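Sequence order for the protein chains is B and Y.
So the number in our numbering is just where the residue sits in the first sequence, counting from 1, plus 64.
So the number in our numbering is just where the residue sits in the second sequence, counting from 1, plus 64.
Just so you know, these hints were derived from the structure itself, not from any lab.
Interface residues of chain Y toward chain B, partial, derived using beta-carbon atoms under 10 Å:
#, residue
1, I342
2, G374
3, L381
4, W383
As the structure is a computational prediction, the values presented were derived from the model and not from experiment.
Even for Gly, the Cβ is constructed at its ideal location relative to N, Cα and C.
Residue strings, one per chain:
2 protein chains.
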Amino acid sequence: MTNASPAECTLAHIRGAHARIKDKIHRTPVMTSETLDQTSGGKLFFKCENLQKIGAFKARGATNAVFSLSDDEARRGVVTHSSGNHAAALARAARLRGIPAYIVMPNNSPQAKQASVKRQGGKIEFCEPTIQAREAAATRLFAETGAAFVHPYDNVNVIAGQGTATLELLEDVPTLDIILCPVGGGGLISGTAIAAKGLKPSIDVVGVEPVGADDAFQSFHSGQLQGVAHPNTIADGLRGKLSERTFAIIRQNVDDIVTVSEQSIVQAMRSIWEILKIIVEPSGAVAYAALVEGKIDIRGGNVGLILTGGNLDLDELPWTKV
Amino acid sequence: MTNASPAECTLAHIRGAHARIKDKIHRTPVMTSETLDQTSGGKLFFKCENLQKIGAFKARGATNAVFSLSDDEARRGVVTHSSGNHAAALARAARLRGIPAYIVMPNNSPQAKQASVKRQGGKIEFCEPTIQAREAAATRLFAETGAAFVHPYDNVNVIAGQGTATLELLEDVPTLDIILCPVGGGGLISGTAIAAKGLKPSIDVVGVEPVGADDAFQSFHSGQLQGVAHPNTIADGLRGKLSERTFAIIRQNVDDIVTVSEQSIVQAMRSIWEILKIIVEPSGAVAYAALVEGKIDIRGGNVGLILTGGNLDLDELPWTKV
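Next up, chain B with everything else stripped away, as it sits in the complex:
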């Protein structure tokens, strides 16, 4: 195998990932808004990964993982479990490489995310919406097909791919003082923090998590990896829990983790829709929710925010539900 996974993710791996994937993904725009700057008291730079291929940053990690496989590893396809965006991203990357993608999805995944996987040619297998059921189904498919397992976040090549968003962001806006990033399983914030600290050690990297799925917040502040038995948040992309690997990276590279309420997430999402005129899903609005809620003192600084994705059912918007 010429493409063996590195044991640990570094800035060099993230640069390698960017070279590998940059012609297969969008270089997403960085948006600004005088109105949101006035509201927040800082200068905000939104990295619009909702405008990424398949509508989420997950295109980066999945594409890097699939194209890091040797021909021999790739031959029988790839398999994963995912609430949605990683699934569509892996299906797309597999299609680009001409190999099959087997996708385990919780049976309560949003319709828009299921449709996106199908559009990319992924083969969906539904399971109960628990982490145990997801992992069991993926393990079985792995055994049946011999496909390479690409974990949605506990994978060095995936983490390196996710970090490429921050490479681009800091290239476009080198004056950033702080980067705010949602935390689910920790893949994005791991890549974000490694890229940011590698390029600019003085920068602050702060994770933001829904209070109803605050395993990373609890783990970070207690120093012990902890889980939340029944994550409960509208931010469906952030219900996963940290792995040993992502927890270790976060402890080493992240400055703080804060939580936000469901109300702040919906308010942040609506402000982004109304003012920036772009669609973010609830998970994608979580970083900005920390500013809506006043959880972070940005002291007039230059703030990068990763808008992670824009896939949701337009018939079920949080402000039109009865």
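Based on the hints, put chain Y in the right spot on chain B.
Same frame as chain B, but now just chain Y:
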């Protein structure tokens, strides 16, 4: 007066407008989508004026008009009537120049558009939702304040400003074969057609209009300027009627005008939200609606579409109404 209006709009005026306004507006992105290309059978390039300042292309024309005034003309402010986007654009341009803006708005304008005018510091005067009432109120304000009247479309400097979107689009995508543009009062398509034909005479410029407000379609095909007594369309930005000036420009520079149904407009709008992940208002989706409806044979060509704006009430989406 050193800034007298030109009698006629030319490519040179549009270039002058761009030089005048380019540091006061966004250079909006041009978005593409493999999914929408596959559906339409061409290569589509969406000029995202919904991501423009105040969420609409109207920022271009209003800014050019306000900054084309001499100091003496500008001193007592500006006045206009508008269903919304031109209003917010004029209020913003006046704020940038430090002069008052008096805005006549129909009393059924969307809340989001009213809020946008207020955010920009415009002074709103409401009127009945007819063109006659709008013009009467604006004339009265003009008499009372001495403010300079900036018509939303029947104004050479406004038309030149609107044309700057196409300058940028053709600079980014010189290979375009056709440009599709919504038609309301005709200011945007006038600037679009003058810019497009001036830069690339072989390009086709096609106007698209809601069937319930098809005065431009009827006028274009009959050769006589015609009105629609009671325009009825969800595309609230396209209810205006052509002026003698915009009709003359259209006759000279536009290749065709087609109409689209309300259903196609809503379907186009939803596809843009779902696939491009950006917010367009109904008027903004009208150009793409012509492709949804199969009204234009694009023969696999490179198609530019102007997405005109993204301001609408998020509580009243056409697919969540009872």
